[in-house]
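J.: Chain by chain, the residues:
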Amino acid sequence: MIGRAALFVTCLADTLYPSVGIATVTVLERLGVSVSFPREQTCCGQMHFNSGYVDEARQLGQRFVDVFAGEPVVVTPSASCAAHVRHQYAELLGDDARGVPESVVELSQFVSGLGAVAIGARFRGTVTYHPTCHSLRVLRVGDSPLRLLREVEGLGLVELPDADECCGFGGTFAVKNAAVSSAMLADKLDAIESTGADVVCACDSSCLMHIGGGLRRRGSRVRAVHLAEILAGAS
Amino acid sequence: MVRACAPFIWRKFLPVPPSRAAARDAAPVVFPQAARAGLANAQLRANLNAATTTIREKRAQVVAEVGDWEELRDAAAAIKDSALHRLDTVLLELEATVTKARGIVHWARDAAEANRIVVDLVRATGADEVVKVKSLATDEIRLNEALEAGGIRPIETDLAELIVQLAGERASHLLVPAIHKNRTEIRDLLRVALDRPDLTDEPTELTAAARLHLRAAFLRARVAISGANFAVAETGTICVVESEGNGRMCTTLPETLITVMGIEKVVPEWRDLGVFLQLLPRSATGERMNPYTSLWAGVRAGDGPSAFHLVLLDNGRTRALADDVGRPALRCIRCSACVNVCPVYRRVGGHAYHTVYAGPIGAILQPQLSGESGQAGSLPFASSLCGACADVCPVKIDIPRILVRERARAVAAERQGLEGATLRRLGRILSDRRRYERAQRLTRVLQRPALRDGHLRWFPGPLGGWGESRDLPGVPAQTFREWWEARERGA
Ligand code: SF4
Numbered sequence: 001m002i003g004r005a006a007l008f009v010t011c012l013a014d015t016l017y018p019s020v021g022i023a024t025v026t027v028l029e030r031l032g033v034s035v036s037f038p039r040e041q042t043c044c045g046q047m048h049f050n051s052g053y054v055d056e057a058r059q060l061g062q063r064f065v066d067v068f069a070g071e072p073v074v075v076t077p078s079a080s081c082a083a084h085v086r087h088q089y090a091e092l093l094g095d096d097a098r099g100v101p102e103s104v105v106e107l108s109q110f111v112s113g114l115g116a117v118a119i120g121a122r123f124r125g126t127v128t129y130h131p132t133c134h135s136l137r138v139l140r141v142g143d144s145p146l147r148l149l150r151e152v153e154g155l156g157l158v159e160l161p162d163a164d165e166c167c168g169f170g171g172t173f174a175v176k177n178a179a180v181s182s183a184m185l186a187d188k189l190d191a192i193e194s195t196g197a198d199v200v201c202a203c204d205s206s207c208l209m210h211i212g213g214g215l216r217r218r219g220s221r222v223r224a225v226h227l228a229e230i231l232a233g234a235s
Numbered sequence: 236m237v238r239a240c241a242p243f244i245w246r247k248f249l250p251v252p253p254s255r256a257a258a259r260d261a262a263p264v265v266f267p268q269a270a271r272a273g274l275a276n277a278q279l280r281a282n283l284n285a286a287t288t289t290i291r292e293k294r295a296q297v298v299a300e301v302g303d304w305e306e307l308r309d310a311a312a313a314i315k316d317s318a319l320h321r322l323d324t325v326l327l328e329l330e331a332t333v334t335k336a337r338g339i340v341h342w343a344r345d346a347a348e349a350n351r352i353v354v355d356l357v358r359a360t361g362a363d364e365v366v367k368v369k370s371l372a373t374d375e376i377r378l379n380e381a382l383e384a385g386g387i388r389p390i391e392t393d394l395a396e397l398i399v400q401l402a403g404e405r406a407s408h409l410l411v412p413a414i415h416k417n418r419t420e421i422r423d424l425l426r427v428a429l430d431r432p433d434l435t436d437e438p439t440e441l442t443a444a445a446r447l448h449l450r451a452a453f454l455r456a457r458v459a460i461s462g463a464n465f466a467v468a469e470t471g472t473i474c475v476v477e478s479e480g481n482g483r484m485c486t487t488l489p490e491t492l493i494t495v496m497g498i499e500k501v502v503p504e505w506r507d508l509g510v511f512l513q514l515l516p517r518s519a520t521g522e523r524m525n526p527y528t529s530l531w532a533g534v535r536a537g538d539g540p541s542a543f544h545l546v547l548l549d550n551g552r553t554r555a556l557a558d559d560v561g562r563p564a565l566r567c568i569r570c571s572a573c574v575n576v577c578p579v580y581r582r583v584g585g586h587a588y589h590t591v592y593a594g595p596i597g598a599i600l601q602p603q604l605s606g607e608s609g610q611a612g613s614l615p616f617a618s619s620l621c622g623a624c625a626d627v628c629p630v631k632i633d634i635p636r637i638l639v640r641e642r643a644r645a646v647a648a649e650r651q652g653l654e655g656a657t658l659r660r661l662g663r664i665l666s667d668r669r670r671y672e673r674a675q676r677l678t679r680v681l682q683r684p685a686l687r688d689g690h691l692r693w694f695p696g697p698l699g700g701w702g703e704s705r706d707l708p709g710v711p712a713q714t715f716r717e718w719w720e721a722r723e724r725g726a
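Heads up: the sequence lines are chains A and B, in that order. Letter by letter, the first sequence follows residues 1 to 235 of this note's numbering. Letter by letter, the second sequence follows residues 236 to 726 of this note's numbering.
Keep in mind the hints are simulated off the structure, nothing from the lab. Note that the Cβ used here is the ideal one computed from N, Cα and C, for glycine as well. A portion of the hints provided could be inaccurate.
[Stated by the list, open to error] Taking beta-carbon pairs under 8 Å as the criterion, some of the chain B residues facing chain A (in silico):
#1 A270
#2 D626
#3 V639
#4 S704
#5 D706
#6 P711
#7 R716
#8 W719
Build out the structure end to end from the sequences listed, making use of the hints.
T.: Dropping the structure here:
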């Protein structure tokens, strides 16, 4: 059993989706993990790196490493940030990465890694799960999130058609190529709505911001909810 | 009848109107704008979606049948890498084996040199038309335009390539150049181009009409031009993989055969083909085996062409070779699996890329081959980095990684206007915790007039695109860190 973990909440959840951070703390504490929140943390630099701003990405990466060095486990509710730290830092920072990349674990993988645990979550309603691209193809979380969702009492899980299709977010892609991004989003939203689910769930606040923002603009009744929030039983 | 109508066709449809083609290339079109045109074309999107969905599903099925698919991919990547690492010696070996088989090898530094070589070779035969096997390398160097300028009429013999040629268009897919057209559009085109007003949109009827037309060209042809899927250094063998058999006609009937091949197509040994001929058809068309695989080495008396020329094309490849991040792009076997799964390509089509190689592979190859980013640097950004391409690539090219590196190059070369200023500013804010927290508080105040029900619908400057289809929540009354601090204080 892992006794303590540092939380990397991500700049996005911190600033726009605090409920995701709070839910992550709730889930971890319910599992008996003592959570710390190093206040100096800001951003892992993923957006800068993926957009081509290497200097900024390196600086933010270095900061991240300084903040989290020495932490045996860093849990984050973002698959794409975890993927960035784990897969890009070694190349971006070299020896300066100081073992930090390996300590960063995405929430669903962390919880699954604890073994068959009763999460004690309850949720009323039907949920469809969107596997975000980086959780699926970079971090390769596999079906950990689905297995966790299946354990949630009262939750009806419905399959999302063409689930592994990108929602069209892609960081700055969403604004630089807004028309293509919007077309991809429209197809994703159609697929989500076709399931009749009340909620679409994922492991990344960024994709959920995109999907949720699109659902809201459409006036859809479907809500975009982070996996952590469902596991926390907050809904 | 076909012969009789041929002059009419050539007068009316060939050469590809150079003015139109040139005009398209003259104005620098950036991808986001070009993409809007593709998106707005509902017919194009429907055609593309239907075609790519079919190929994708077939591919997934036949790939799943192969137990050692991952090992095959590893082997293919390793073979290509080993050839690329010693390309100098492997190419010399190829030159020696081809020469020994009585073929003639030519070296071309760039497109202009390759075109000059080919035009001169055709002229020397006295022929004024050539039949062509579908070839991306010759598209890349715009050989058809060079031939026409030299008074030589190129006839594309791949059905889809012929359709594109007759329409005076450019290919929009590596493998299925006319993927943007559906049956009805093709019928309308052939009715006029082949002077066959009787044609219906039955595929068998359309192909039969094209076959009649092409057979005449094959029988006339004295010179053929092909590309190459692979060339084996050990044996001097050229390999062309195709579906229709028209390529086979070109490589066997005419007296002179000229093959133009990018230097990265060479593989060291004969047995290497065993790996690639399993990977290519399954990745490309979702077939276990392609219908026609033509293999030849040099010339043989009384069998096939009596003269064979191999033009080895660099055209930026050695530059790509010198780049250790981008080098894996030279492994590409042009199967187009990455194109078929690309969510961006599938919505906008190949023409939006304005490159010979459309889709994800084009977005990395074009900047590499030309030494500059395509379309004023916009191509590397034409991706959501979803990674679907890398997952299907049979030679394991990490396309997203190379795209990100190309982005970094674009950013280093140019400050990217307001977007660059915004991201650099954001970088400064995020690199200092106090500044970051101040920015959170400041945004909470500044957003107030724009908030509707806690959300924003409109966004300034480079963020404007977000508002096209998405809302965004404002900064809430309490950020996570404020919640955490309040809790700590309370505890
Ligand atoms: S990059 Fe890979 S998937 Fe794409 S065309 Fe080349 S070999 Fe095929």
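J.: Each hint needs a verdict: does it hold in this structure or not?
T.: Each hint tested on the structure:
{"no.": "1", "hint": "A270", "verdict": "holds (5 Å)"}
{"no.": "2", "hint": "D626", "verdict": "holds (6 Å)"}
{"no.": "3", "hint": "V639", "verdict": "holds (6 Å)"}
{"no.": "4", "hint": "S704", "verdict": "holds (4 Å)"}
{"no.": "5", "hint": "D706", "verdict": "holds (4 Å)"}
{"no.": "6", "hint": "P711", "verdict": "holds (6 Å)"}
{"no.": "7", "hint": "R716", "verdict": "holds (6 Å)"}
{"no.": "8", "hint": "W719", "verdict": "holds (5 Å)"}
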